[in-house]
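Residue numbers (our numbering), protein chains in the order written: chain A, 1 to 334; chain B, 1 to 334.
Worth double-checking, as some hints may not be accurate.
[What the hints assert, rightly or not] Taking lysine-lysine pairs in the DSS-like style, the calculated list, with each CA pair at most 30 angstroms apart, reads:
1) 71/B x 28/B
2) 272/B x 71/B
3) 198/A x 71/B
4) 183/A x 299/A
5) 243/A x 198/A
6) 198/A x 252/A
7) 198/A x 51/B
8) 302/B x 71/B
9) 28/B x 55/B
10) 302/B x 198/B
11) 51/A x 51/B
12) 55/A x 198/B
[What the hints assert, rightly or not] Facing chain B, from chain A, some residues (calculated, C-beta under 10 angstroms):
13) 95
14) 106
15) 148
16) 201
[To be verified] Residues of chain B clear of chain A, computed beta-carbon distances all greater than 12 angstroms:
17) 31
18) 32
19) 83
20) 251
Source of the hints: derived by calculation from the structure; they are not laboratory data.
All residues carry an ideal CB built from backbone N, CA and C; glycine is no exception.
Number of protein chains: 2
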Amino acid sequence: MNGVRVGSQTIAFPSCPRLIAMHTVVGKQEGQGPYAEYFHEILADDLLGQKTPEKAERQILEQTIDQALRKQGLVPQDIQYYVGGDLLNQVISTVFSARSLEVPFLGIFSACGTFSQGLGLASVLLQGGFADKVLVATSSHYQTAERQYRYPIELNVQHVSTNQHTVTGAGACVLAADGEGPKITHATFGKVVDMGLKNPNDMGSAMAPAALATLEQHLADTGRSPDYYDLILTGDLGRQGLKMLRILAEKKNLQLNNVADGGALIYGDNPKFGAGASGAACSAVMTLGYVNTQLFLGKLHKVLLIGTGAMLNQLTIQQGESIPTIAHAAAIEA
Amino acid sequence: MNGVRVGSQTIAFPSCPRLIAMHTVVGKQEGQGPYAEYFHEILADDLLGQKTPEKAERQILEQTIDQALRKQGLVPQDIQYYVGGDLLNQVISTVFSARSLEVPFLGIFSACGTFSQGLGLASVLLQGGFADKVLVATSSHYQTAERQYRYPIELNVQHVSTNQHTVTGAGACVLAADGEGPKITHATFGKVVDMGLKNPNDMGSAMAPAALATLEQHLADTGRSPDYYDLILTGDLGRQGLKMLRILAEKKNLQLNNVADGGALIYGDNPKFGAGASGAACSAVMTLGYVNTQLFLGKLHKVLLIGTGAMLNQLTIQQGESIPTIAHAAAIEA
């Protein structure tokens, strides 16, 4: 069965690729939040005894992938493609995990929106008949992200209330043409949106317009109202970005009764984490942990994941550029 | 028509996506080499009057895309997806070009192998019926790459003979389900290969095993011998990497009579450029400039592009990691 273009920016997957295997791992602090029970594994030591957080991040990712496969009795040879990326320069954690896996690798990058881009691309490969099993995985680590994007942790720089805290963890899943599990019904790949915001300490506000643009396009393409979904899960706008999304939606008379943001949820209301979480792992663990469990329990039936990414780097901030952002949506049904 | 999996790692495209539009831009030094006549545009000033090379790189990329579209009377609204990436952290040049283009963007990363990954993914989108026109583009710039991956240019660090010189330039093309132009018949997406080499001043040797692995897999999957192709164009191994590829192939009794490397060709024998060129733009401009012209003239008929990437970053070298590499192949016929 062939791919079906719906409207101008959405792809329907009539073959309904299934999430047949998944695993999530989070760090200590994520494991103390209100969603802890939904994650498959909580680390006792975010560094796993490694010398550097970079080594720890890639080991977390490798272990997550290993568990996702193992639980379903899969081996790497069963997988045709590994689609993945992460926040680090040259998506290096994912590259290292692909090295140990020895599966054809398609490196992707959408910052914290990488997971939803991966779900969409994997579904394209399955729907088109190019594969029957595709692995999608991503990771992030508070310590690696802080020192790459912000400051060395040792400096103990004061954070502001709009700052987001990078999730330590990883999520991995296998999408398959056949099997049991939640299905991906649609993907809406987003455009790069940049409203001119320049504050790297408020990426949520920068990303909100991209989330809204992709949501509006998805609804227009599919002819659905927001209420078609039990949950529209953005990630990761944090509390500040979610507030902006609501304001922007209201201006367009778009009623959003069922929107939540993974970054705003994962740490609860703890002010220590500023506006909440970010990190490529955040929407992966919230989707594969929380959403998947709710779909399994029949508490949710139809969920739209809108993964959002702030596509800045250290140099663009130093050079005074504004922050380009993107949002990719994937519709998931029980 | 659906995608056809061939062997374990190759995809055939029976619908034969066509390269219907293309443009290449190179810098001053590339414009003084033996392939100058094949490039569509040669810059008089690699900085385009910009304050920073980063701003120049993204402007080169934007102009290249604009020209590729304009020459065929295309506008961004004709394009369903933009698949692209570059060498800079967070593929920022491509992100900025996607911002001005306003086309759904799929960010990818395979270092200097990004262009062939893009050709493959675009062909998947077309073959699967998910799009009828996809833009693939990439860029690199000597000055942005030097200061990100090596040293500030102002330090004037002495290069060694195995060093490669990053191409300044960009290549952009539109692949379409219908139209006139060379066709993409197959893609072979590679696995990450790491033989333990750690010398960032000899990335050609690190990448050669990945190039060979993808070539061997492509030949096994398609049942072809290397002589099926008039030209197997690797890029960018440089002279050193090409030498290693020949040695490795010989050990496996694989006769390679028709292999050339874009990085080894673009500057000629000028020792100033070490082992030759690298850079994501290199295989793009050699394919869309040189190969395309030879296909048009009937001097080449069947070409296998094997784009190679060294997936290192500054921190992995500092942390003593070896260099993971990848190679993606795309078969192009007149």
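Verification of the supplied hints:
{"no.": "1", "hint": "71/B x 28/B", "verdict": "23 angstroms, holds"}
{"no.": "2", "hint": "272/B x 71/B", "verdict": "35 angstroms, violated"}
{"no.": "3", "hint": "198/A x 71/B", "verdict": "35 angstroms, violated"}
{"no.": "4", "hint": "183/A x 299/A", "verdict": "16 angstroms, holds"}
{"no.": "5", "hint": "243/A x 198/A", "verdict": "18 angstroms, holds"}
{"no.": "6", "hint": "198/A x 252/A", "verdict": "24 angstroms, holds"}
{"no.": "7", "hint": "198/A x 51/B", "verdict": "19 angstroms, holds"}
{"no.": "8", "hint": "302/B x 71/B", "verdict": "25 angstroms, holds"}
{"no.": "9", "hint": "28/B x 55/B", "verdict": "17 angstroms, holds"}
{"no.": "10", "hint": "302/B x 198/B", "verdict": "35 angstroms, violated"}
{"no.": "11", "hint": "51/A x 51/B", "verdict": "39 angstroms, violated"}
{"no.": "12", "hint": "55/A x 198/B", "verdict": "16 angstroms, holds"}
{"no.": "13", "hint": "95", "verdict": "4 angstroms, holds"}
{"no.": "14", "hint": "106", "verdict": "6 angstroms, holds"}
{"no.": "15", "hint": "148", "verdict": "8 angstroms, holds"}
{"no.": "16", "hint": "201", "verdict": "17 angstroms, violated"}
{"no.": "17", "hint": "31", "verdict": "27 angstroms, holds"}
{"no.": "18", "hint": "32", "verdict": "29 angstroms, holds"}
{"no.": "19", "hint": "83", "verdict": "10 angstroms, violated"}
{"no.": "20", "hint": "251", "verdict": "21 angstroms, holds"}
The structure shown violates the earlier hints numbered 2, 3, 10, 11, 16 and 19.
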